[in-house]
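Trainee: All chains should be modelled from the sequences, with the hints used to inform the complete structure.
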Amino acid sequence: MSLADLHAHTTASDGLFSPRDLVKHAHAKGLQAVAITDHDTVDGVEEARQEGEKWGIEVVPGVELSTLWHGKEIHVLGYYIETNHSHLLEKLQAQRDTRKLRNQMMIEKLNELGIPIQMDDVLKKKRSHSSKLNVGRPHIAEVLVEMGVVSSINEAFDKYLGKDGLAYVTPQRISPFEAIDLIKKSGGVAVLAHPGLYKQDDLIPQLVSHGLVGLEVNHPDHTDEDKKRYQEWVKKYHLIATAGSDFHGERQGSMYHAELGTCTVALSQLEALKKAVLR
Numbered sequence: 001m002s003l004a005d006l007h008a009h010t011t012a013s014d015g016l017f018s019p020r021d022l023v024k025h026a027h028a029k030g031l032q033a034v035a036i037t038d039h040d041t042v043d044g045v046e047e048a049r050q051e052g053e054k055w056g057i058e059v060v061p062g063v064e065l066s067t068l069w070h071g072k073e074i075h076v077l078g079y080y081i082e083t084n085h086s087h088l089l090e091k092l093q094a095q096r097d098t099r100k101l102r103n104q105m106m107i108e109k110l111n112e113l114g115i116p117i118q119m120d121d122v123l124k125k126k127r128s129h130s131s132k133l134n135v136g137r138p139h140i141a142e143v144l145v146e147m148g149v150v151s152s153i154n155e156a157f158d159k160y161l162g163k164d165g166l167a168y169v170t171p172q173r174i175s176p177f178e179a180i181d182l183i184k185k186s187g188g189v190a191v192l193a194h195p196g197l198y199k200q201d202d203l204i205p206q207l208v209s210h211g212l213v214g215l216e217v218n219h220p221d222h223t224d225e226d227k228k229r230y231q232e233w234v235k236k237y238h239l240i241a242t243a244g245s246d247f248h249g250e251r252q253g254s255m256y257h258a259e260l261g262t263c264t265v266a267l268s269q270l271e272a273l274k275k276a277v278l279r
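End of the sequence shown sits at 279 in the UniProt record's numbering; the numbers just go up one at a time, nothing left out.
Calculated from the structure, these hints are not laboratory results.
Be a bit skeptical, because a hint or two may be false.
Derived pair list, reagent style DSSO-like, types lysine-lysine, alpha-carbon separation capped at 30 Å [said to hold, decoys possible]:
no., residue 1, residue 2
1, Lys126, Lys72
2, Lys236, Lys184
3, Lys275, Lys184
4, Lys184, Lys100
Between beta-carbon pairs, the in silico distance windows are [claimed, not checked]:
no., residue 1, residue 2, range
5, Glu73, Asp224, 16 to 26 Å
6, Glu271, Glu53, 18 to 28 Å
7, Lys235, His70, 19 to 29 Å
All values derive from a computational prediction rather than experimental measurement.
The C-beta atom is built at its ideal place from N, Cα and C for all residues, glycine as well.
Mentor: Listed below in structure tokens is the structure:
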């Protein structure tokens, strides 16, 4: 069966593989398509698309938008967006500015906890020299492991950087409704990323009414119960079920989320997404 992984990150945000190398990795994993869904940036899409042509891999232009709803961080995936859309690029820059603020706030919180981590050390973990590219929590986690504060990336998130962590903070962001509007305006379709992580299923019908077309049913952090529940939501609201590994790569011996190709869909789901664009 021809398969696609619809959630992957590159060095354009907080992944470890360059866009080019991620496509090569997708080919090695036997995938026929991969979505580039970096956090609040589309800078890696064109390089990936060019590499995809060499390997016969369909590269889905995407983005993962960080939003806030009632104090909880919600991520919305956009697929088949116009990556040169001026309004989109403007809003993504604002998103990245907010991300920088969040990083600084977390560093300050860690300092208050007696951990002498510095932003300069975190910035050195970027896998690209471009000043445009994102730094995120995985980069902070790497430094915490190197400092010996924690023994693994997973422990860094569990103890400090995850939503229940001691240093977790989130500044004001756009709402998930605004994210859907932005994705639609830039020619794409919106899918709710890993809904099982939010414990806020009551938000889903509201997002569907606003134009959400799909749910990421199969994600490495979803339980079997989560997958079953969201498959039922898909049927109830006539949505598109997607899947993705949320691939970032392996840091300090820990795979953040899962290996590329762990969670996949048939290529027919891509056709469903393309048809949704045309509605």
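Trainee: Now tell me if each hint is right for this structure.
Mentor: Checked hints:
Of the supplied pair hints, the one linking Lys126 and Lys72 holds, its CA atoms being roughly 27 Å apart against a limit of 30 Å. A distance of roughly 22 Å separates the Cα atoms of Lys236 and Lys184; the hinted pair therefore holds under the 30 Å criterion. Pair hint Lys275 plus Lys184 holds up; C-alpha atoms about 13 Å apart against a cutoff of 30 Å. With a CA separation close to 26 Å, the supplied pair Lys184 and Lys100 stays within the 30 Å bound.
Judged by the Cβ atoms, the range 16 to 26 Å given for Glu73 and Asp224 holds: they are separated by roughly 24 Å. For the pair Glu271 and Glu53, the beta carbons lie near 20 Å from each other, so the given range of 18 to 28 Å is met. Taken as a hint, the range 19 to 29 Å holds for the pair Lys235 and His70, whose Cβ atoms sit roughly 27 Å apart.
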